[in-house]
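S.K.: Single-letter residue listing:
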Amino acid sequence: MAARPVSIIAALTVAGLVIGPVAAVILRAEAFGGFRPADWQALRFTLLQATLSALLSVLFAIPVARALARRQFPGRGMLVALLGAPFILPVIVAVLGLLAVFGQSGLLNRALEPLGLPELQIYGLQGVLLAHVFFNLPLATRLILQGWLAIPAEQFRLAATLGMGRRAMWRAVEAPMLRRIVPGAFAVVFVICLSSFAVALTLGGGPRATTLELAIYQSMRFDFDLARAAMLGLLQLGLALSAGLIALRVTAVPVAAKGLDRRVPRWDRTDRRAICTDAFWVGLAALFLLTPLAMVTFNGLSGITTLGASVWQAAGHSILVALGSTALCLLWALPLATRWGEWLGLSGIALSPLVLGIGLFLIVRPFANPFELALYVTATVNAFVSLPFVLRILRPEAEAIRTDYTRLRAALGLSGWAWLRWVFLPRLKRPLGFAAGLTAALSMGDLGVIALFADPDRATLPLKVYQLMGAYRMEQAAGGALLLLLLSLGLFWMFDRGGRVGS
Amino acid sequence: MALELDHIEARSGTFALTADLTVDAGARVAIIGASGSGKSTLLDVIAGFLPVQSGALRWKGDGITGMSPAERPVSILFQDTNLFPHLTIGQNLALALNPATGRIRDGDAARIDDSLARVGLAGFAERRLSEMSGGQQSRAALARVLLQGRPVLLLDEPFAALGPSLKAEMLDLVSEVAEAEGLTVLLVSHDPQDARRFAAQTIVVEEGHVSAPEETAHLLDNPPPGLRAYLGGTG
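Those protein sequence lines, which keep their order, are chains V and D. Heads up: the first sequence at position 258 corresponds to 258 in the working numbering, and the numbers run straight through without jumps. Heads up: the second sequence at position 230 corresponds to 1230 in the working numbering, and the numbers run straight through without jumps.
Mixed in with the good hints there might be a few duds.
[What the hints assert, rightly or not] Label pairs and their computed distance ranges (CB to CB):
| no. | chain 1 | residue 1 | chain 2 | residue 2 | range |
| --- | --- | --- | --- | --- | --- |
| 1 | V | 82 | D | 1165 | 48 to 56 Å |
| 2 | V | 416 | D | 1165 | 39 to 47 Å |
| 3 | D | 1134 | V | 421 | 23 to 31 Å |
| 4 | D | 1013 | V | 12 | 30 to 38 Å |
| 5 | D | 1110 | V | 74 | 54 to 62 Å |
[To be verified] Here chain V is said to cover these stretches of chain D; the calculated rule only asks that three of the stretch's residues, wherever they fall, bring their Cβ under 8 Å from a Cβ of chain V:
| no. | stretch |
| --- | --- |
| 6 | 1068-1075 |
| 7 | 1084-1094 |
[Unchecked claim] Some residues of chain D that are not near chain V, with every Cβ distance over 10 Å (derived):
| no. | residue |
| --- | --- |
| 8 | 1063 |
| 9 | 1134 |
| 10 | 1161 |
Calculated directly from the structure, the hints in this document are not laboratory data. Even glycine gets a Cβ: it sits at the ideal position worked out from N, Cα and C.
Using the sequences and the hints, build the whole thing.
M.R.: Written out as structure tokens, the structure reads:
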């Protein structure tokens, strides 16, 4: 099969992208004896915030998922669809939205002020937790909702004929399901929050709210202490790897979960108190998720007309980076959409983008000025980070195409090219469009590696918005955030739509 | 001048198939036997989907044992998935004519139209499978093997999903086409009536053992014990 060498090349470049930078980081790292108190504090904070974020996300997700599982109401489908949106929402956009609601002069403080209540402070642990719950409550809700919908309808029917009350129902049906699902949901959120960088960068900071990732960034950006950055990177790598392996055993991440628009038919939902509880949780979740987004849009509308040339230039960079990393990611993913390819791609979850960035920096430095290559490095790292999700989306369909049509392909004697052009790609169009949309949106909104490298001439839009925020030019920051939001959603929509047309 | 299976032994998992027989060129032969007896395995061996352990396959004296399915002088109609559902019939047939690129070259369009006309589907080139009935889909698949232009045609119960009268109609069409092209046809079927209708000769497959072709009417009227058990005495 002609595809063989192509898969091998793809696998080798991905493996090289893992091994090269990691080796560079290991070689450069200080001995672990060089641990400073601040490093321990960063490690402690990383673990603390990830634990609390996962705990809160899952805790709130349970009542929301239960309400969505057992109620039918107008807008339910929209809300469930919205739960998938944070995946492609740029962190900096969400942060600006949360600031507009919970920040110093945000909605909440303005409401509290006349009551004489003390002002809420968002920066620090509470801000980091707020943002993490904002991003991961929807994910946890989806995971748990899946668990609820997977309970066989017979069990509810049986419960109804037995006349089981709420308590009995909980003990016999719902609690066992949650015991199965919740540890996995917790683990997924925990692992995601371990590598939190952009949230910690914007809402954390200071010695008491610095994650390892943020510490890597600071030692690189402020002290230019490569050895220390490398050592921290190594620590982060070990942490993410062990947590990732544990999470992998407990759960499977749903990227494009299907069938969540169903509702479980039940016979115990006429209870008034239960209806009120469900309405409360759904309303709260919708308010918590939608208000920040509405505020970003509202604040951005006036700001978007005042954007300077440098913001538009950054937007151009971001579009190029997004398109480049989408192309690269798909070039990797198509030949790797197999079982072993998916295992290889999982390294994209374990390896933090910042560690990868430091490693690439170390490799590139003897030959070229890494700062000039910032956009290329960002596009490459973004492609790598999206790879596990893209493979998760493409693999089932790719394998189905191969098994369904190998005999016909062989009987016709199709060349590798004809197979790709007329069969494989056309039949893979839908998941391909969806995967490309995710990659483009993720890359568009990424505020990670680029922060390590970028100089003002090579900023991407998320970085530019962050810089505007840091300079207290909030109106322009809001305008930039709205532009970023529109571009991310626009790219996603364009690719996803492209995959649907005519299929 | 024949298709020879010379002391063939093939293995698929724990299932073993042995065959040693000759099919005359231009003959139409039915292959009958219980399900799991090895009928489809036999076709896989001839088509090149299952490599043989020992023995040799020859077509008109030339060895074809080591050839890939596409290199063999053999075309096959499967039980299902004979055409790609996302392509138009015309694009499907272009792939059969030109498997390297799938492009329609000079004169291809005329050949495609001609083959469609011969199976009674004139003007169907722009349709997709989803826009056609089961019978029309079978006809389109037949047009595909016509364009492949291979002298041996294998049919792996391709019309099993059709109703009785439609199936009879398709078998008649295959007979007509095979006659005109001088094809050698092997038809797998579990229905003895198909054999009577379509094939002068019949091969019986029993527990992995393939017997030599015999005259169909004689075989079905005086079945050996194994075949009698399968036919249930009604053949």
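S.K.: Hints first: check each against the structure and report whether it holds.
M.R.: Here's how the hints hold up against the structure:
Between residue 82 (chain V) and residue 1165 (chain D) the Cβ separation comes to about 54 Å, which falls inside the hinted range of 48 to 56 Å. At about 42 Å, the CB distance of residue 416 (chain V) to residue 1165 (chain D) agrees with the hint of 39 to 47 Å. Between residue 1134 (chain D) and residue 421 (chain V) the Cβ separation comes to about 29 Å, which falls inside the hinted range of 23 to 31 Å. Our hint of 30 to 38 Å for residue 1013 (chain D) and residue 12 (chain V) holds, since their Cβ atoms are close to 34 Å apart.
Take residue 1110 (chain D) and residue 74 (chain V): their Cβ atoms lie about 58 Å apart, and the range 54 to 62 Å holds. With a cut-off of 8 Å between beta carbons, the stretch 1068-1075 of chain D has 5 residues touching chain V; three or more are needed, and the interface restraint holds. Coverage of the stretch 1084-1094 of chain D by chain V holds in this model, with 4 residues showing a Cβ closer than 8 Å to a Cβ of that chain against a need of three. With a least beta-carbon separation of about 19 Å from chain V, residue 1063 (chain D) lies farther than 10 Å from that chain, consistent with its non-interface assignment.
Chain V leaves residue 1134 (chain D) outside its interface by the beta-carbon criterion, the shortest separation being 18 Å against a cut-off of 10 Å. With a cut of 10 Å on Cβ distances, residue 1161 (chain D) stays outside the contact zone with chain V, its closest approach being about 17 Å.
Comparing the model with each earlier hint shows no violations; every hint is respected.
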